[in-house]
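Knowing the structure of chain L, use the given hints to seat chains P, Z and S with the ligands on it.
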Amino acid sequence: MKKLINAVDDVVKEQLEGMAVAHPDMLKINFEPKYVYRADAPIAGKVALISGGGSGHEPMHGGFVGMGMLAGACPGEVFTSPTPDQMYECAKAVDGGAGVLFLVKNYTGDVLNFETAAELAYADGIKVQNILIDDDVAVKDSLYTAGRRGVGTTVLCEKIVGAAAEAGYDLDQCSDLARKVNMYGRSMGMALTSCTVPAAGKPTFELGEDEMEIGIGIHGEPGQKRMAMTSVDEITTLMTNEILDDGPYSRTVREWDNESGTWVEKDIVDQPFQAGDEVIVFVNSMGGTPVSELYAVYRKVAEICADRGVKIVRNLIGPYITSLEMQGCSITLLKADEEILKFWDAPVNTPGLRWGV
Amino acid sequence: MKKLINAVDDVVKEQLEGMAVAHPDMLKINFEPKYVYRADAPIAGKVALISGGGSGHEPMHGGFVGMGMLAGACPGEVFTSPTPDQMYECAKAVDGGAGVLFLVKNYTGDVLNFETAAELAYADGIKVQNILIDDDVAVKDSLYTAGRRGVGTTVLCEKIVGAAAEAGYDLDQCSDLARKVNMYGRSMGMALTSCTVPAAGKPTFELGEDEMEIGIGIHGEPGQKRMAMTSVDEITTLMTNEILDDGPYSRTVREWDNESGTWVEKDIVDQPFQAGDEVIVFVNSMGGTPVSELYAVYRKVAEICADRGVKIVRNLIGPYITSLEMQGCSITLLKADEEILKFWDAPVNTPGLRWGV
Amino acid sequence: MVTKDQIVAWLENLTVVLTENKEYLTQLDSAIGDADHGINMDRGFKKVKEKLPSIADKDIGNILKTVGMTLISSVGGASGPLYGTFFMRSGMAMAAKEELNNEDLVKLLQSGVDGIVQRGRAQLGDKTMYDTWAPTLETLNAAFATNDNTIEVLQAAVNTAEQAMKDTIPMQAKKGRASYLGERSIGHQDPGATSSYLILKTLLDTLVEG
Amino acid sequence: MVTKDQIVAWLENLTVVLTENKEYLTQLDSAIGDADHGINMDRGFKKVKEKLPSIADKDIGNILKTVGMTLISSVGGASGPLYGTFFMRSGMAMAAKEELNNEDLVKLLQSGVDGIVQRGRAQLGDKTMYDTWAPTLETLNAAFATNDNTIEVLQAAVNTAEQAMKDTIPMQAKKGRASYLGERSIGHQDPGATSSYLILKTLLDTLVEG
Ligand SMILES: Nc1ncnc2c1ncn2[C@@H]1O[C@H](COP(=O)(O)OP(=O)(O)O)[C@@H](O)[C@H]1O
Ligand SMILES: Nc1ncnc2c1ncn2[C@@H]1O[C@H](COP(=O)(O)OP(=O)(O)O)[C@@H](O)[C@H]1O
Ligand SMILES: [Mg+2]
Ligand SMILES: [Mg+2]
Ligand SMILES: [Mg+2]
Ligand SMILES: [Mg+2]
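Residue numbers (the numbering used here), protein chains in the order written: chain L, 1 to 357; chain P, 1001 to 1357; chain Z, 2001 to 2210; chain S, 3001 to 3210.
Hint data in this document are derived by calculation from the structure and do not stem from the laboratory. Predicted model, so just to flag it, every value in this text is computed and none were measured. Just so you know, even glycine gets a beta-carbon here, dropped at the ideal spot from N, CA and C. The reader is advised that the hints may include incorrect statements.
Unchecked claim - Restraint ranges, calculated between C-beta atoms of paired labels, are given here:
hint, chain 1, residue 1, chain 2, residue 2, range
1, P, 1039, S, 3020, 42 to 50 Å
2, Z, 2001, L, 44, 38 to 46 Å
3, S, 3020, P, 1124, 37 to 45 Å
4, S, 3183, P, 1250, 21 to 29 Å
5, L, 275, S, 3024, 48 to 56 Å
6, P, 1356, L, 167, 50 to 58 Å
7, P, 1238, S, 3138, 27 to 35 Å
For reference, chain L alone in the conformation it holds in the complex (with noise of 0.2 Å):
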């Protein structure tokens, strides 16, 4: 394993430090238990919004902390959910008194521990509300699985949602729009390499030469199958036509219920592509792959959706939610709606993702 990183129990914890010295005008991060702030939280009578989840997939969460985006983030240890004693004391410090939305990829420990945070500061007072990501196509079902995992939409959804709140939306319409985004969007990813988490030290998978991994979450974990290695058209051509065809996707997600106190279970079905759609093109990076690359994917995805009366108006190219070093790219594709876009282009100003100011 080569790595910049000295001792690799210290590597999170020194890359939060990095981030704080290079960013003090968007950012403050406490250690102790760690998570990363807005500069100026708590902003009086605004949602905050936070997210968290485990390190490993820099820029998301702590880079996109800022104005217009996320007020909190919470990094976990590399690859693995931060802890429920972290995102209570981020809520803590970041409310601004009209509550706090969690943006909560799904998988089982970031679920498991993100409920047990807003119980936390909900008994404290705080108004909170739970919304569950979860977009990744390459998970084909809810009933034999743990449901799809939460991937390029998440970024997408933390920059539109954080311009909301920055708008002034309150902690409903917040959440509504984030259920929005996150029905409305849809991933899948490819490996080239493994990644080696720096505590392991040596390689999650082994590919070979030829190979490459379909279908992978973000974690560095083997994908939905091993292909022969092929051109790009090809590849961007199988991800792009299984987000474009997947079907209606149903699921039982638990959200907060701030009048009783209580989870309640909703069903949620989110609906397919179809022609006339208009929609943000998001090509990203797993880490290790240039964006030279994600360019020749993005050709593709444009040349498909061109094909299929599918309208690309917006885009971003480049790495984002990554996967340590790990090459390979996503594609995620996300329906986009008057609202969607007007926060999409709203002024942003995080390490991570900037325009406007």
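Frame of chain L, contents of chains P, Z and S with the ligands only:
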């Protein structure tokens, strides 16, 4: 070799096609010969900044075309300098009457090809200047080598001089500023892995599991020395000290004289950094190193600068001048005066760098 | 009777056993998960070890609850809240106790496992830690009905646990990260089922030591 | 006399030889450069091949100049302008010629090499293509002074070129990318010196073919 590409001969062309369809609001692309240019070029009365070089360093240079930065960029084959016809045609497309400034990274190929281009453009009645970027302190002398390579300072210079051109600086003022930025900037790079030129199909060099290359350039070429792998703190200390301890550097450069229509030689000497200097710090990924690791590098750079009385006033952290999928990083320090800071902070709107708009 | 000192010794031994098995558990998790289970458990029990001296004089219920809270706030991942809940619930069930009879011992484990199920909603055959615990609890209950030698009964339970752990190999995962692999999860032993076996095995070894 | 058809055949053969040696030259460049010299030369001469049919009826000077311009606008890198200048200058020196005597042949090569030096300002021993050409031109001049058999003299020049190419191995590079390696450039044969040898060798082989 595993990459997201189709046929190796089409790599550059297809990546450019992807860029063109991704960013029609910022840039356009000409294919025969290849150059990227601002969507709103030519802009009457403003100096047009053009850079270029081998491909494989994305987002540099094509990704820096747009408002407040480059007017044009000429991509060669991967790691191979572009040809004079590209620069000449690009110059004709973007010249708004105030002349064209070519920013040239100091490599024999780039220098020779850009000199030819400048002669051609001048012969066509375009006012021209060539300013060299040669900031790589890993190259020790200019008498026994082709001189210092142009690396990280290139990105900063494109941003700063691009903003000056946008603000109405004339060709001489832009040239003076570019020369100053080059003289104020120093860089050093290192690699954990080699990279693979698509057409070559295998890594340029091999590094053992415990080895790293120190003092590399940006073309996957072997570096100054091979060393045993060590911690990020030691690596960063070594590189930052090489930059800070580097003495005066003298060389002779050739610039164009628009009066006489000939090349004139100039002796240039830059001065070392001093305690009390304000600097912009640029920590760059060579492509395969994720931004999380760059923060560990930045953390140590900040510590060393503080110890030595060098004040960091701005920073840039991410993959901006890369070597395909190489793992590794480079560090650039640029002494920043008021003029430099003003143009650093000015709005920029390119695929690779964006703020203020 | 199981003494408080033995419970503390069990927890201390666990910190050793989980350090020894850090790579093994991580290796299992890299086949069907994200290669961190051993690292997570080791991190959590290292924290437990730090905490132990300051709580060793509390009652067993208190000690177990503190272990649970320590795991919740240090492990993360899926196993953090699950094992955290396990110890929290077993602690609540052992409130104020200074020593445990056989019935207590079953109740301790049963409450913990109930907590795991309530949190994680795993069912038998989902290829999780629950697949180790369910048959193990049956063995415990059945064996104590005819034999009150704690060590003999625990030995029988450990045998069941070992078999149950191995029985996760042919299962297709339906919970946790491994479920994303679908049929590719078949043929690998579940990391959480394995750490659960180690937890029980270490309890037996501790009591055998004396 | 060297005929125009022979010059055209030389250029055609070069496209074959440089394709054959694409990997070899790239390999040499990966040791002390950026692994593209073979790719660059092959790309350039493929373009030359495309151009040849349309210019084969021009005079030798014109043909060579077109080759030079083609290389300049298709090769890139350091070798593009250098070999481009080589052929431009040799073309200018052979203006209007339809065939070449021995004196012309020397002048063709000498003018080309002068162009390389003027552009690249390399000196003897800098470990560049010039290190192949300088001793080779000396051999040519000396040999033609006592022998007017073109093929015999060219054979002697090729021998010198081969030796000169190998003599770049112990040199430390002072120009081009290889110079960045300092002492580490020692022990490797220069790619440009090698392609220069191939260019001369192919001229000889073409004339021997007839
Ligand atoms: N819903 C669940 N119920 C019970 N156990 C579960 C559940 N989900 C996962 N597990 C257990 O957790 C183990 C993985 O733990 P760990 O690797 O530490 O967390 P993560 O999966 O978040 O990386 C699995 O091997 C499995 O035994
Ligand atoms: N200044 C120079 N003068 C003469 N030849 C040079 C000079 N610089 C480089 N060369 C030659 O160019 C060769 C490298 O060519 P090539 O790899 O195609 O270009 P680049 O170095 O730009 O990648 C070297 O092997 C050397 O022979
Ligand atoms: Mg995990
Ligand atoms: Mg080159
Ligand atoms: Mg795991
Ligand atoms: Mg080369």
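Going down the list of hints, with the structure as the test:
1. Between residue 1039 of chain P and residue 3020 of chain S the beta carbon distance is about 44 Å. The supplied range of 42 to 50 Å therefore holds.
2. Taken as a hint, the range 38 to 46 Å is violated for the pair residue 2001 of chain Z and residue 44 of chain L, whose Cβ atoms sit roughly 58 Å apart.
3. One distance hint, 37 to 45 Å for the beta-carbon pair residue 3020 of chain S and residue 1124 of chain P, holds here, with the actual separation near 40 Å.
4. Residue 3183 of chain S and residue 1250 of chain P have their C-beta atoms about 22 Å apart, which keeps the hinted 21 to 29 Å range intact.
5. The given range of 48 to 56 Å is respected by residue 275 of chain L and residue 3024 of chain S, whose C-beta atoms sit roughly 53 Å from each other.
6. The hinted range of 50 to 58 Å is not satisfied by residue 1356 of chain P and residue 167 of chain L, whose Cβ atoms lie roughly 21 Å apart.
7. Between residue 1238 of chain P and residue 3138 of chain S the CB atoms are about 47 Å apart, so this pair departs from the stated range of 27 to 35 Å.
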